[in-house]
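Asker: These are the residues of each chain, in order.
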Amino acid sequence: MSDTIIDHGYIPEEHAPDPVVGHGDPTPPGKVAIWLFLASEVMFFIGLLATYIIFRSGSPKIFAEHAAALSKPLAGNNTLVLIFSSLTMALAVDAAQKGSKNRTIICLAITVLCAFGFMGIKYKEYSDKFTHYTVVAREADGKVFVYDGHLAEKTSDALKLTHAHRMAMPADGPFNIHWMSAQGVKTVAAMQAKETGHDDDHATPTTAGAAAPNATHADATHADHGGDYTLPRSTISQAITYGPWKNIFYACYFATTGVHGLHVVGGIVALGLLLGHALRGKLLPAHTEYIGLYWHFVDLVWIFLFPLLYLI
Amino acid sequence: MNEPEEPHGHTEPTPHHKINYYFIFFSLVILTIVTVLVAMHRFESEVVNLLLALLVASIKATLVAMFFMHLKFEGKLIYLIFIVPLLLCVLVIVALIPDILLTDPDKFPWSSSLKLFNSANLLVGGGAVESH
Numbered sequence: 000m001s002d003t004i005i006d007h008g009y010i011p012e013e014h015a016p017d018p019v020v021g022h023g024d025p026t027p028p029g030k031v032a033i034w035l036f037l038a039s040e041v042m043f044f045i046g047l048l049a050t051y052i053i054f055r056s057g058s059p060k061i062f063a064e065h066a067a068a069l070s071k072p073l074a075g076n077n078t079l080v081l082i083f084s085s086l087t088m089a090l091a092v093d094a095a096q097k098g099s100k101n102r103t104i105i106c107l108a109i110t111v112l113c114a115f116g117f118m119g120i121k122y123k124e125y126s127d128k129f130t131h132y133t134v135v136a137r138e139a140d141g142k143v144f145v146y147d148g149h150l151a152e153k154t155s156d157a158l159k160l161t162h163a164h165r166m167a168m169p170a171d172g173p174f175n176i177h178w179m180s181a182q183g184v185k186t187v188a189a190m191q192a193k194e195t196g197h198d199d200d201h202a203t204p205t206t207a208g209a210a211a212p213n214a215t216h217a218d219a220t221h222a223d224h225g226g227d228y229t230l231p232r233s234t235i236s237q238a239i240t241y242g243p244w245k246n247i248f249y250a251c252y253f254a255t256t257g258v259h260g261l262h263v264v265g266g267i268v269a270l271g272l273l274l275g276h277a278l279r280g281k282l283l284p285a286h287t288e289y290i291g292l293y294w295h296f297v298d299l300v301w302i303f304l305f306p307l308l309y310l311i
Numbered sequence: 000m001n002e003p004e005e006p007h008g009h010t011e012p013t014p015h016h017k018i019n020y021y022f023i024f025f026s027l028v029i030l031t032i033v034t035v036l037v038a039m040h041r042f043e044s045e046v047v048n049l050l051l052a053l054l055v056a057s058i059k060a061t062l063v064a065m066f067f068m069h070l071k072f073e074g075k076l077i078y079l080i081f082i083v084p085l086l087l088c089v090l091v092i093v094a095l096i097p098d099i100l101l102t103d104p105d106k107f108p109w110s111s112s113l114k115l116f117n118s119a120n121l122l123v124g125g126g127a128v129e130s131h
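Each protein sequence line maps, in turn, to chains A and B.
Mapping the first sequence onto numbering that gives the first Met the number 0, position 263 (from 1) lands on 262, and the numbers just tick up by one.
Mapping the second sequence onto numbering that gives the first Met the number 0, position 78 (from 1) lands on 77, and the numbers just tick up by one.
Think of the hints as simulated: they come from the structure by calculation, not from any bench.
Certain hints may be false.
For lysine-lysine, the following DSSO-like pairs were computed, each having C-alpha atoms within a straight-line distance of at most 27 Å [to be verified]:
| id | chain 1 | residue 1 | chain 2 | residue 2 |
| --- | --- | --- | --- | --- |
| 1 | A | K100 | B | K75 |
| 2 | A | K142 | A | K193 |
| 3 | A | K281 | A | K100 |
| 4 | B | K17 | A | K193 |
| 5 | A | K128 | A | K97 |
| 6 | B | K71 | A | K185 |
| 7 | B | K17 | A | K281 |
| 8 | A | K97 | A | K123 |
| 9 | A | K97 | A | K121 |
| 10 | A | K97 | B | K71 |
| 11 | A | K159 | A | K123 |
| 12 | A | K185 | A | K123 |
| 13 | A | K71 | A | K185 |
| 14 | B | K17 | B | K71 |
| 15 | A | K71 | A | K128 |
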């Protein structure tokens, strides 16, 4: 059994194997430090995930219904982007340790680009959510409808929704705008259409304020993409976007992915500093390895977040 | 000068561990596809869905940790630092299971929940609930 650092403490560098590329004992303090940091980060993220587990087991229907609305292709692409950036990071560490400046610069640059790509896709996901509205509005004849669609335009006196579905406000039972999803509105509208024979999702609105649904509605064979509605603000009683305030699922979703996104941004800053040094001619193999460890950890967290939030 | 200093000792080159990073990358891509395919085929039991998803995610995580993070080649100290939080994570989840089990069985979509709820409730000194 070899002597380990636990047995005899840290040996001064003059007697130790090259700590820059050293693996095994004695372990360089820098590596111990970054692993300790990662250990605390693991506990941080498991706290968030445990919260998600508790809330999910308490509100399984809300979680199942709203998770289905998240974009799996976008998140899947994000996963591949992050895994690829992990590859280029590992290659950058290897290049830095072998002293090849050009390879290090290229690999670090690609890693940073992938990180920006990840944040870009994340921005698209988030902005899709923040422009997705559920609105309760009353028509001139007093009938109240629930609309769910994306914001086409916001003027000082009206909200214009596109790809929107609508249903009549249910006459009985509790109505909570926070629990409605686009699929929910579609389903209830279909149910109401069957019961009353009047299809609110596809019918022409009775007042001049709301625009007629577009022509694709009439074609039952095509996928129902919803219609366009203009809702004067004076008729709107409730409106909510799909932000973290929407319901407990979105609170969990934005908390976990938001915190993970902040970690990616932190990684971008660190990688940028490394890249800056490399471009000025100074390779930092040990620092590159430690930041590499952090970056792989960020990838690891996403590997767990992706199936938990989007797939199951 | 504010340049960060690299640790300097004698520079006898140590043998670099030869890892084929591209092979690990392609394995991870395949496993990501597997993750999506597995999720598309939903099983009856939610627990099975969850465990399957976690299993594939754990395999991917092991690959990243072992090879990209060089854990395979590290010494005991690093293993200690990394194993402890892992055990604590498992502990956190296990500690939360009674909390999950003892929520209102009406809220569970799974048919076996009532039995689990009753067992857990009897354990903590409550009574059993008959099925609705």
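Asker: If a hint holds in the structure, say so; if it doesn't, say that too.
Answerer: Tested hints:
1. As the CA atoms of A:K100 and B:K75 are separated by approximately 32 Å, the hinted pair breaks the 27 Å bound.
2. Under the criterion of a C-alpha separation no larger than 27 Å, the hint pairing A:K142 with A:K193 is consistent with the structure, at around 19 Å.
3. Simply put, A:K281 and A:K100 have alpha-carbon atoms about 8 Å apart, close enough for the 27 Å limit, and the pair holds.
4. With a C-alpha separation of about 66 Å, the suggested pair B:K17 and A:K193 falls outside the 27 Å cut-off, and the hint is violated.
5. Taking the CA atoms of A:K128 and A:K97, the gap is near 45 Å; set against the 27 Å cutoff, the hint is violated.
6. Distance hint between B:K71 and A:K185 is unfulfilled; the C-alpha atoms sit about 52 Å from each other, more than 27 Å.
7. The suggested pairing of B:K17 with A:K281 holds, with an alpha-carbon distance near 25 Å, which does not exceed 27 Å.
8. Restraint check for A:K97 and A:K123: the C-alpha separation of about 38 Å exceeds 27 Å, so the hint is violated.
9. A distance of roughly 34 Å separates the Cα atoms of A:K97 and A:K121; the hinted pair therefore is violated under the 27 Å criterion.
10. Distance hint between A:K97 and B:K71 is fulfilled; the C-alpha atoms sit about 20 Å from each other, no more than 27 Å.
11. Using a Cα cut-off of 27 Å, the hinted pair A:K159 and A:K123 holds, with the two alpha carbons roughly 20 Å apart.
12. Distance hint between A:K185 and A:K123 is fulfilled; the C-alpha atoms sit about 24 Å from each other, no more than 27 Å.
13. For the hint pairing A:K71 with A:K185, the CA-to-CA distance comes to about 20 Å; that is within 27 Å, so the pair holds.
14. Note on B:K17 and B:K71: the hinted pairing holds, with a Cα-Cα distance of about 12 Å set against a maximum of 27 Å.
15. Among the hinted pairs, A:K71 with A:K128 is consistent with the structure: their alpha-carbon atoms are about 14 Å apart, no more than 27 Å.
Comparing the model with each numbered hint stated earlier shows that hints 1, 4, 5, 6, 8, 9 do not hold.
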